[in-house]
Amino acid sequence: MSAIEARNLGKCYRVRGMGPPTLAGAVKGLFCRRKKEDFWALQGLDFDVQPGKTVGVIGPNGSGKSSLLGLVTGTIFPTTGHVKTSGRIASLLELGAGFHPDLTGRENVYLNAAILGMKREDIRRRMDHIIEFSGLKDFMDQPVKHYSSGMYVRLGFAVAIEMDPDILLIDEVLAVGDLAFQLKCLDRIRDFQRRGKTLLFVSHALQTVEDFCDEVFLIHHGKLVARGDPSYTILQYIRTYMGEGGYLYTQEFGSREVEITDVKMRDADGNESGTFVSGKPLHVDISYDAHKRVEKPVFGFSLKTGNGFYVYGSNTQIEKCGPDFIEGKGTMRLTLDPLALMQGNFFLSLSVHSWDHATQYHRREDWYPFAVKNQSADLGIFRLSSRWSQR
Amino acid sequence: MNPLTDLWNRREMLSNLVGRELKSRYKDSALGFLWSILTPLFMACIYVFFLRLLARGVPMETIIIGVFAWQFTALSVSSGLSAITGNSNLVKKVFFPRIILPTAATLANLVNYVLSLVVQLALVAVLLGLQNKTMNPWVLALPILIVYHTLFNLSLAYFLSAINVYFRDAQHLVGVLLSAWFFASPAMYDLSFVQIFAEKHPWALDVYMLNPMAVIITGYRAVTLPGVEFPWTGCALAGGLIPVGMLIVSYFVFQRMQRNFADML
Numbered sequence: 000m001s002a003i004e005a006r007n008l009g010k011c012y013r014v015r016g017m018g019p020p021t022l023a024g025a026v027k028g029l030f031c032r033r034k035k036e037d038f039w040a041l042q043g044l045d046f047d048v049q050p051g052k053t054v055g056v057i058g059p060n061g062s063g064k065s066s067l068l069g070l071v072t073g074t075i076f077p078t079t080g081h082v083k084t085s086g087r088i089a090s091l092l093e094l095g096a097g098f099h100p101d102l103t104g105r106e107n108v109y110l111n112a113a114i115l116g117m118k119r120e121d122i123r124r125r126m127d128h129i130i131e132f133s134g135l136k137d138f139m140d141q142p143v144k145h146y147s148s149g150m151y152v153r154l155g156f157a158v159a160i161e162m163d164p165d166i167l168l169i170d171e172v173l174a175v176g177d178l179a180f181q182l183k184c185l186d187r188i189r190d191f192q193r194r195g196k197t198l199l200f201v202s203h204a205l206q207t208v209e210d211f212c213d214e215v216f217l218i219h220h221g222k223l224v225a226r227g228d229p230s231y232t233i234l235q236y237i238r239t240y241m242g243e244g245g246y247l248y249t250q251e252f253g254s255r256e257v258e259i260t261d262v263k264m265r266d267a268d269g270n271e272s273g274t275f276v277s278g279k280p281l282h283v284d285i286s287y288d289a290h291k292r293v294e295k296p297v298f299g300f301s302l303k304t305g306n307g308f309y310v311y312g313s314n315t316q317i318e319k320c321g322p323d324f325i326e327g328k329g330t331m332r333l334t335l336d337p338l339a340l341m342q343g344n345f346f347l348s349l350s351v352h353s354w355d356h357a358t359q360y361h362r363r364e365d366w367y368p369f370a371v372k373n374q375s376a377d378l379g380i381f382r383l384s385s386r387w388s389q390r
Numbered sequence: 000m001n002p003l004t005d006l007w008n009r010r011e012m013l014s015n016l017v018g019r020e021l022k023s024r025y026k027d028s029a030l031g032f033l034w035s036i037l038t039p040l041f042m043a044c045i046y047v048f049f050l051r052l053l054a055r056g057v058p059m060e061t062i063i064i065g066v067f068a069w070q071f072t073a074l075s076v077s078s079g080l081s082a083i084t085g086n087s088n089l090v091k092k093v094f095f096p097r098i099i100l101p102t103a104a105t106l107a108n109l110v111n112y113v114l115s116l117v118v119q120l121a122l123v124a125v126l127l128g129l130q131n132k133t134m135n136p137w138v139l140a141l142p143i144l145i146v147y148h149t150l151f152n153l154s155l156a157y158f159l160s161a162i163n164v165y166f167r168d169a170q171h172l173v174g175v176l177l178s179a180w181f182f183a184s185p186a187m188y189d190l191s192f193v194q195i196f197a198e199k200h201p202w203a204l205d206v207y208m209l210n211p212m213a214v215i216i217t218g219y220r221a222v223t224l225p226g227v228e229f230p231w232t233g234c235a236l237a238g239g240l241i242p243v244g245m246l247i248v249s250y251f252v253f254q255r256m257q258r259n260f261a262d263m264l
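Going line by line, the protein sequences match chains A and B. So the first sequence is numbered by numbering that gives the first Met the number 0: it starts at 0 and just counts up by one. So the second sequence is numbered by numbering that gives the first Met the number 0: it starts at 0 and just counts up by one.
Honestly, the hints are just simulated from the structure, not real lab data. Do not take every clue at face value.
EDC-like, lysine to aspartate or glutamate: derived pairs with alpha carbons at most 16 angstroms apart [what the hints assert, rightly or not]:
id : chain 1 : residue 1 : chain 2 : residue 2
1  : B       : LYS26     : A       : ASP101
2  : B       : LYS22     : A       : ASP101
3  : B       : LYS26     : A       : GLU106
4  : A       : LYS52     : A       : GLU214
5  : B       : LYS22     : A       : ASP140
6  : B       : LYS22     : A       : GLU106
7  : A       : LYS52     : A       : ASP165
With beta-carbon atoms standing in for the labels, derived distance ranges [what the hints assert, rightly or not]:
id : chain 1 : residue 1 : chain 2 : residue 2 : range
8  : A       : ARG123    : B       : SER87     : 25 to 33 angstroms
9  : B       : LEU53     : A       : TYR12     : 50 to 58 angstroms
10 : B       : GLY31     : A       : ASP45     : 53 to 61 angstroms
11 : A       : VAL310    : B       : PRO2      : 52 to 60 angstroms
12 : A       : THR21     : B       : PHE251    : 19 to 27 angstroms
Model, not experiment: these values are computed from the prediction. Even for Gly, the Cβ is constructed at its ideal location relative to N, Cα and C.
Only chain B is shown next, with the shape it has when bound in the complex (with noise of 0.2 angstroms):
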């Protein structure tokens, strides 16, 4: 069957369980929807004052739009490893498209990252601002980006939340190969680190963007900061496209594996 005429006929139950989400995870605390931005703003004032003490100076608006893009896919693994098997109840009793799960859960994460983008984007203004520097105009494309980001994330939820059931102990093993990437995308740095090691090795840029999330926030801060330029490589386009080769894969994997989903869990 089409997977979009799936996920459409049963946009009510997506919805409802995006709300079922973004609802349990805030009504308990008291700070609610705050502490997702709170965390990433945190997290960027350490890695600025880490970079400081080693005498490295990254502007800290660089550092808030790495660490808001990174949180968003970071969240999406976790949530995507235990969309099936945290739903196991639902899964085995009910029939539906197994596929809104995962998609479920990436969705209520992009919901997340939109709105705290509000605020990072305000604060990026502000910071512009105490610099005599404006906005990039490109910001526009923003929504682009983004729905180009969320369709990677797509692709990891799907495959990870099957693989997760197969093998409950994926999820450890995603724990450290996710630390691993964290510092292979450039998160708490920008692309001048990598540029300083390409100068000696030339290919060492083209490897790096091979890696679609250094892709995706690069293309982040290229929009949204003055004088940010994407590095309009070969590798950096096949980098690009990679996500979308990811997305049917996982897809398809995804779909045969959901099949033996009742029995496993």
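Chain A on its own, in the form it takes in the complex (with noise of 0.2 angstroms):
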């Protein structure tokens, strides 16, 4: 049996003005008809989650993810079909939902644990295990109104986490609290998985959901448009709504004295891909259309993971190896060899400008995503040239 089972699962809202419903407006409408429209938050959605899997749910931002986990916990009733769950089911989206300011923190994870359906004697027996993750300790006996927004997010993880359910579903909550805390809480939903628990987790962090999702569900404009394995549907995201002029994130800039016209990846066979190897070559062909001449040019490209973290730029400056001048089309190949990137999703920027900087000729940001595939044994995102010896 799925611990989740959707079938032809939907969900519609009536859009409505501004403002809370009222009475008036209700008699309002009685006299003058207006436009009522729906919106689809959902729709058509069939999907089963096998018990001990983890799935991570992407799609841009309004797509539909959180109504998904509201229908999923029940707090949304659907439209149009069901959707089943089987086992106990808590979810981190509501983390400090039902705290009270003026109530202190213990007499909180009382109120927030039996909200949540938990035991009051299994609280008590786990009191000193909520006090310890929360790492709140000296605050426990103070008013949660005076606590700061991470000090509320982590002591509500901690009694959520408390309530060792079934199914787990976690919507981008591992943002708050410091890097510390956050490891914890990675740490915590490892476990988790060990313990051959089911998780939903909804998440733009697609580094994270790629490291610890068995799949991954695509939604966009309330579809599911892919399922599948996570590298392979998230740089599917990336390809569609992120990179090569997608509408999210990528920026594109520069006088266009010098254009870039066209750009490929070629592995090491030459041939076009959007997935390599780690430690084979990679090949970049950038081809160019300089509309007058320009003496010394600089061509430049980065790299960034897909949450962002830029991992290394380079230009033809730097490396002293850059055309005397430019004239009408061309094409410049940038070479990375061997590819000490290692698994997951990367993007590309490529730039020209002048020699000196002062001109931006085309520089397109975040443009173009690949993947990377890494077929040894070894952890990272960066492959260093590492050597053991005994001495």
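Two chains, two frames, a set of hints: combine them into the complex.
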């Protein structure tokens, strides 16, 4: 039996005007018929999640990810179809929901735990554990209204994670809290996976999704557009919505006296590809069109990971290998050999500018996404040339 | 699902919410719980004084009972109105039987009422003692009346909490209706006021007793005070049955409407 089963699941919102609904508004509505618009936040979803699997849900903002989690938890009632879950379900989208500002941290732990459906005795037994995990030992007897937002979430997470559910829903909660706490959270999530629990994971941190998930759902405009292997689906997402002029995150600017007209990424055999093997060469052929003669142009590139971490950047000026001048059409080849990047999705940015950096001719930021597969057993995002020897 | 098992399964949440409600209500005031006794007492004094001005003497103990009972219902109405809208964060993010919220709000008022009742009964006993009277032995039946009164208040809370989600200005309308209802119920006067009118128009008392609050408050007085008769007419019995019907209807209204709570908040 699957842990989560959705059949023809859909949620439609009636688009209302601004502000809360009122009696006066309803009376007005009786007399003048307003145009009612339906907005389908989710439509026709069919899927099963097997027990013990971790499924990532990705998609642009407003694509319906949170509605999906709401439907699975049961806070939102579906317009069409149904979703069935088996086992105790908890979601980390409710961190600190139900905390009362006037009550102390300790009182709120009991209250929140009761709301989540835990027994008082269980909580009493695990109180020390909760306090330790949240790291708020000295603040437990203070009203939570004096807490910082980070402390609030930490306490909420500490309670929610103690619930020990069969299905855990996570909605971008790991973005809060300091690094140490985030690592602690990820650790608990790994622990969950080891114990064979089911996870549904919504995040924009694509790298984290790729690290954690067995399968990824890509949702766009309320529809499940793709599902499957994490790195492949994430690449598809990046391709469609982020890179190559996709409307998210990419930027393009410059005076266009020299234009980047076409870019081809090729593997070791010269075949065009989007996925490259770590340790093998990667070639980037940059076709340009210089509308006037440019002396000593500088071609540059930079690489970022899926969550914006700047990996490496260089240009022909630094490496002292640029052409003396360009005029008309031509092609530059950038070769990364060996490709020292490891598993994951990356963005390539390219630029052409004048030798004194005064004029940016053309720059495409995060324009070219690609994936890297690592076929050996080492870990990380970047391969350092390392050697072991006995002395 | 059976409403009672729903509530019973989540009794820990229910009791925690009741605790939260009571704690937060009295946390920041110096006199704390005392306020919930002092306010109706002051009101009772004002009403007695006002009626004396109109040359209509009504015993203080009669008014005290009426005002306390009325306060229980009035508080249930106002806390019921905001039971869902005031907890929007919870409703939008956590799944639990929504009926718990208005139930907890009403039960918090019940706890308050029962505690104040101790003071109220002591006061009534003293006032009766001053007149060389004793309390009606039927006062032992008070718990039954309280349960009945609570069920009535629950029906109001269920209905109003759901309505207020859909029509956010319902609370203003309810405020007006509540004060009209206050004067239509024997809180600051007793049935003798109506009986005077009923001598000319015999139907008046019957219509009056269709108001459940008239039944409840008169019931409280009949069991507590010596020499107060409950008018056992058909209409009074009908008035007594209305809350039962209201509870069933408002429960189903609530369950029907709760599906869209998260969308409307």
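### Query
Are there hints from earlier that the structure breaks, and if so, what are their numbers?
When the structure is compared with the hints, none of them turns out to be violated.
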